[in-house]
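Asks: Sequence:
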Amino acid sequence: MTAYTIEHQLDNGIERIIYTPQEQRFQTPILMGHGMWHGAWCWQPWQALLAEWGWQSIAFSQPGHGQSPAQRANRWNTLGYYYRTLKAEIERLPIKPIYMGHSMGGALGQWHLAKGGDDLPAMVLVAPWLSHSMRPVFANAQKLDPWGTLLCWLSLSATPTVRTPKRAAFWFLSEDATIKPKQLHSQLAPESALVLLQYRWPLWRPAKQVKTPLLWLAAEQDRCIPEQYSRPSAAHYNAEYWVIPKANHDLMFEASYRETAELIHNWLQSVVTGTQHDQHSSLQFQSSAS
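Position 262 of the sequence shown, counted from 1, bears residue number 1162 in the working numbering, the numbering being contiguous throughout.
Wrong hints could be hidden among the right ones.
Claimed, not checked - With a Cα cut of at most 16 Å, we get these calculated EDC-like pairs of lysine to aspartate or glutamate:
(1) 1066 x 1045
(2) 1146 x 1075
(3) 1108 x 1120
(4) 1146 x 1127
Stated by the list, open to error - Per label pair, the in silico range of CB-to-CB distance:
(5) 1082 x 1017: 39 to 45 Å
(6) 1100 x 967: 17 to 23 Å
(7) 1014 x 969: 16 to 22 Å
(8) 1105 x 1039: 20 to 26 Å
(9) 1050 x 1121: 23 to 29 Å
(10) 908 x 1105: 35 to 41 Å
(11) 1082 x 1015: 24 to 30 Å
(12) 1053 x 972: 17 to 23 Å
(13) 944 x 995: 19 to 25 Å
Read the hints as simulated data drawn from the structure, not as lab findings.
Don't be surprised by glycine CBs; every beta carbon is placed ideally from N, CA and C.
From just these sequences and the hints, can you work out the full model?
Replies: Following this line, the structure appears as structure tokens:
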């Protein structure tokens, strides 16, 4: 007997992949939002594990990503456009979900805290965008891939960043990742560069104080968002902060994906039940963000 069921929906132009455990230990569902170029498919390694441990999870694809059909050319998508999808996904659920966002999905979680409502049971930010500005990330990308950066501005699209399997793997995967570069690259969607330009002052200001319990996961070897830039952002939100050793940006595909999922599970369990979680792990570098 399987420990969970999997439902694949395409409803009103939005793809959802839903994992429901046979024995649901936690009533609060986990809503999962992906990063740039990705889709709901990227969460499945963690969805399977979390379902085994009693969590229902709903991963959704933004329009033009995964199997959600594009409603317009992806290069013209904005953060506000993506946030409207996230807000609709939150509101369609019968109870407020835990939100888990990767990269740009983490930025949309911060957008919700600042503009939508500080009203969720908990939020897990997985290698998310920085709290105030992505300017250091721009400088890092230009240094590591000047040709790709130039192509992005010439095309008004972020798609050239992941123009080949090798480039996609460079940004997202370590050498011992559980997914091959060609497999990853084949699932990536065209992406907007406008979203990055919008995430800066005066168009963007993070919430000053939040009540929502926050867990911030950083990847030690993240080429997209170097870890040293993440620490001040996590501190701004007073988030609990963990660094996953030897990992690149796509933490759900790293060799340590199971151990990272366990850290998330233990932290969420403590938030939901009010019990203290076990902070011991060979993977965990924890720093105070208070």
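Asks: CB of residue 1014 to CB of residue 969, is that within 16 to 22 Å?
Replies: Given range 16 to 22 Å: violated, Cβ gap about 29 Å.
Asks: Given a hinted range of 19 to 25 Å, is it respected by the beta-carbon distance of residue 944 and residue 995?
Replies: holds (23 Å)
Asks: Regarding residue 1053 and residue 972, is the given constraint of 17 to 23 Å on their beta-carbon distance met?
Replies: holds (21 Å)
Asks: For residue 1082 and residue 1017, compare the CB-CB distance with the range 39 to 45 Å and indicate the outcome.
Replies: Check passed, 41 Å falls within 39 to 45 Å.
Asks: Does the structure keep residue 1146 and residue 1075 at a Cα separation of 16 Å or less?
Replies: holds (10 Å)
Asks: Is the hinted range of 23 to 29 Å satisfied by the C-beta distance from residue 1050 to residue 1121?
Replies: Given range 23 to 29 Å: holds, Cβ gap about 25 Å.
Asks: Does the hinted range 17 to 23 Å hold for residue 1100 and residue 967 at CB?
Replies: violated (31 Å)
Asks: Do the alpha carbons of residue 1108 and residue 1120 lie within 16 Å of each other, as the hint requires?
Replies: violated (26 Å)
Asks: Residue 1146 and residue 1127 were given as a pair; does the straight-line alpha-carbon distance stay at or below 16 Å?
Replies: holds (11 Å)
Asks: Go ahead and decide if the range 24 to 30 Å is satisfied by the Cβ distance of residue 1082 to residue 1015.
Replies: Since residue 1082 and residue 1015 have Cβ atoms about 38 Å apart, the given range 24 to 30 Å is violated.
Asks: For the range 35 to 41 Å, tell me whether the beta carbons of residue 908 and residue 1105 fit it or not.
Replies: holds (38 Å)
Asks: Does the beta carbon distance between residue 1105 and residue 1039 stay inside 20 to 26 Å, or does it fall outside?
Replies: holds (21 Å)
Of the numbered hints listed earlier, those contradicted by the structure are 3, 6, 7, 11.
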